[in-house]
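Produce the complete structure using the sequences and hints provided.
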Amino acid sequence: MYKLLIVDDEPLVRIALNSILDWSSYNIEICANAANGAQALEIIEEKHPDLIICDIKMPIMSGLELAKECSERYGRPPLFIMLTSYSEFSLAQEAIRYQVVDYLLKLELTKDTLEPTIVKALDVLEKIAPKEENDTTEKSLMPYRDKFFLKLLHNLFENEEEMLSQADSLGLNFSSASYVACYCEISHDSSKNESPEQIITLYQSSLKMFEELISKYLNCYLVTPDMEHFCLICEFDEIQSAEGISPLLENALTKTSTMIHNYFGSTFLFSVGTECNDPVQLSESYRQAKIAFSAASEGSPIIFADTAEITQKEYKNRTIISVQNYIKEHITERLSLSDIASVFGLSPNYLSALFKKYTDVGFSEYVQRARIEKAKELMQDSTLKVYEISDMLNFDNAFYFSKVFKKHTGMSPKEYLQYAELPPKN
Numbered sequence: 001m002y003k004l005l006i007v008d009d010e011p012l013v014r015i016a017l018n019s020i021l022d023w024s025s026y027n028i029e030i031c032a033n034a035a036n037g038a039q040a041l042e043i044i045e046e047k048h049p050d051l052i053i054c055d056i057k058m059p060i061m062s063g064l065e066l067a068k069e070c071s072e073r074y075g076r077p078p079l080f081i082m083l084t085s086y087s088e089f090s091l092a093q094e095a096i097r098y099q100v101v102d103y104l105l106k107l108e109l110t111k112d113t114l115e116p117t118i119v120k121a122l123d124v125l126e127k128i129a130p131k132e133e134n135d136t137t138e139k140s141l142m143p144y145r146d147k148f149f150l151k152l153l154h155n156l157f158e159n160e161e162e163m164l165s166q167a168d169s170l171g172l173n174f175s176s177a178s179y180v181a182c183y184c185e186i187s188h189d190s191s192k193n194e195s196p197e198q199i200i201t202l203y204q205s206s207l208k209m210f211e212e213l214i215s216k217y218l219n220c221y222l223v224t225p226d227m228e229h230f231c232l233i234c235e236f237d238e239i240q241s242a243e244g245i246s247p248l249l250e251n252a253l254t255k256t257s258t259m260i261h262n263y264f265g266s267t268f269l270f271s272v273g274t275e276c277n278d279p280v281q282l283s284e285s286y287r288q289a290k291i292a293f294s295a296a297s298e299g300s301p302i303i304f305a306d307t308a309e310i311t312q313k314e315y316k317n318r319t320i321i322s323v324q325n326y327i328k329e330h331i332t333e334r335l336s337l338s339d340i341a342s343v344f345g346l347s348p349n350y351l352s353a354l355f356k357k358y359t360d361v362g363f364s365e366y367v368q369r370a371r372i373e374k375a376k377e378l379m380q381d382s383t384l385k386v387y388e389i390s391d392m393l394n395f396d397n398a399f400y401f402s403k404v405f406k407k408h409t410g411m412s413p414k415e416y417l418q419y420a421e422l423p424p425k426n
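Residue numbers for the sequence shown follow the numbering used here, so the first one is 1 and each next one is one higher.
Hints were generated in silico from the structure; no laboratory data involved.
Cβ coordinates follow ideal geometry from the N, Cα and C atoms, glycine included.
Honestly, I wouldn't trust all of these hints.
To be verified - So the derived label-pair ranges between C-beta atoms look like this: (1) Gly244 / Ser297: 45 to 55 Å; (2) Gly244 / Lys47: 23 to 33 Å; (3) Leu107 / Lys47: 24 to 34 Å; (4) Ser205 / Asp360: 41 to 51 Å; (5) Glu373 / His48: 46 to 56 Å; (6) Gly171 / Phe399: 53 to 63 Å; (7) Glu314 / Asp168: 16 to 26 Å; (8) Phe399 / Glu228: 37 to 47 Å.
If you want it as structure tokens, here you go:
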């Protein structure tokens, strides 16, 4: 059934509209009622109605403002039927621009005047249905496309043939003249003390709105490696100079992030990689964007890799420090090279090479040392047994833990405990 939302600031009008027709006979159900546009906007976000009967002039947010907001936010808004008075005829004419199917004079609202408009709206909805079926197909492919683009950004395909074959099976056509990867971070005001569920909803709503709005300015695909970061893969029909891409992207990212900040309070930081004319090279554009990202700030929220004042060596050092801090914070969890590489948007081979170069030890050895340091810290708690500490740090068994502990400290856990209990010398 199609879902109908009724919006009017007059309670009697809302009551009348609820009973004026046998809605079920038109395959319509009334999903909610609202007293103004602002209230209706919240309901639209939650219930996604197909049709809205709305007073064109209301307090807080008018019907015209509501239709305009839906048009800007969703591209194809719910269909509107506007209720007007004679004095609001010019407003009704303006409303036609926002895919309002018809307008009705309030004083002449009857079953006979409303019914033809509802039939007209249903005819439009039925024509839209095939597109929605295509949208469903698109949505079913999205998880696979996300995985595809993450592999592309991290250069994980064996060769170009494998990449193009998978792209073809997902309906992706890389026929554009050039491509650019943007690395993006989204954050919210932590002082509001929202629950984890509210924060997740806020992130999801912000990302959804960002994806819908950015498409008005750029042809791009949005990928989310984690809840706080996302990547934009942008494509251009013509090869642009650096001076040509920068204003295009800056305008799109600024306008989109400003609108979302005004609505949700979300803050965005962006870094833009170098332009490439081959999708295989997007991994390099993405790498350059990540190198440049540390230069982004609230004062300079959009950084371009071509102009960023940060060297690759600085980037690698900062990356390793971030990974080391992550290991320390999650040392009681099972830590694998591939899992941590995924968290930081790196390939496992690249992260392994960074570790060897900047820490003088391999990844596994570093994690093992960090676990032993944590074990020594836990041993200060006299209530913990050796096997309990072994379990807490995810060692296979207490014997293996003792073996590794002795390798790094020169003594067994028992000897270390005895040593630690000795009174300090004067």
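Checked hints:
Range check, Gly244 to Ser297: Cβ separation about 25 Å, and the 45 to 55 Å hint is violated. Taking 23 to 33 Å as the suggested C-beta distance range, the pair Gly244 and Lys47 does not conform, at roughly 43 Å. The hinted window of 24 to 34 Å between Leu107 and Lys47 holds, with their beta carbons roughly 30 Å apart. Take Ser205 and Asp360: their Cβ atoms lie about 45 Å apart, and the range 41 to 51 Å holds.
A hinted range of 46 to 56 Å for the beta carbons of Glu373 and His48 is consistent with their spacing of about 52 Å. At about 54 Å, the CB distance of Gly171 to Phe399 agrees with the hint of 53 to 63 Å. For Glu314 and Asp168, the Cβ-Cβ distance of about 39 Å falls outside the hinted range of 16 to 26 Å, so the restraint is violated. Distance hint for Phe399 and Glu228: a CB-CB separation of about 40 Å, consistent with the stated range 37 to 47 Å.
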